[in-house]
Amino acid sequence: MSHPRLTASQLNDYARRVPFNLWLDLQVVAIDAEGAELLVPWREELGGARETGHVHGGVLACLADAAAGLSVMAAVGHGGPTVDMRVDFQRGAVAGALRARGRVQRAGRTLVFVDVEIRDARDEVVTSGRAVSYVGSSRQFQPAGAG
36 MSHPRLTASQ LNDYARRVPF NLWLDLQVVA IDAEGAELLV PWREELGGAR ETGHVHGGVL
96 ACLADAAAGL SVMAAVGHGG PTVDMRVDFQ RGAVAGALRA RGRVQRAGRT LVFVDVEIRD
156 ARDEVVTSGR AVSYVGSSRQ FQPAGAG
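According to the numbering used here, the sequence shown is numbered sequentially starting from 36.
To be clear, the hints were calculated from the coordinates, so they are not data collected in a lab. Treat the numbers as computed from the prediction; the structure is a model and nothing was measured. Check the hints yourself; a few may be wrong.
[As the list claims (entries may be wrong)] Pair by pair, the computed Cβ-Cβ distance ranges are: (1) Glu-80 <-> Arg-52: 18 to 24 Å; (2) Gly-82 <-> Ala-142: 15 to 21 Å; (3) Arg-85 <-> Arg-141: 22 to 28 Å; (4) Leu-146 <-> Trp-77: 29 to 35 Å.
For each residue, glycine too, the CB sits at the ideal point set by N, CA and C.
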């Protein structure tokens, strides 16, 4: 893979059509042939217990899934459902903007494997994981206007 199959604008438009991504204010900030980088700005609703000042783990897991799925689309040109996902919470994510980076490790005819890393406002890795997407279906996810 040498060039992304979609533009960052196409991928961002697709991501923003998903109501949950829109609620998160998820933004595709960069793509390349390996995957995508996402940003989620901070707001109080993303927090866990108020006394810890950390991001809720469910938000991190959702962001990992989104980063993996959008990375598949960037690298392969279309997406598919997540069939397996592992998320490792390495430390509490402090309140603030979150950045997620997905990198396609292997893209086969039917399965695509993506490693994900999420960094918090301190730029520390707080979550990592791996997701597997099934892309061999006739029901592929593809942004409008994509080739």
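- Is 15 to 21 Å right for how far apart the beta carbons of Gly-82 and Ala-142 are? 36 Å, violated
- Arg-85 and Arg-141, beta-carbon distance inside 22 to 28 Å? Violated: the Cβ-Cβ distance is about 41 Å, outside 22 to 28 Å.
- Query: Given a hinted range of 18 to 24 Å, is it respected by the beta-carbon distance of Glu-80 and Arg-52?
  - Reply: The hint (18 to 24 Å, Cβ to Cβ) holds, given that Glu-80 and Arg-52 are roughly 21 Å apart.
- Item | Range hint compliance [Cβ, Leu-146 to Trp-77, 29 to 35 Å] | Given about 34 Å between the Cβ atoms, the range holds.
Of the numbered hints given earlier, the model fails hints 2, 3; all others are met.
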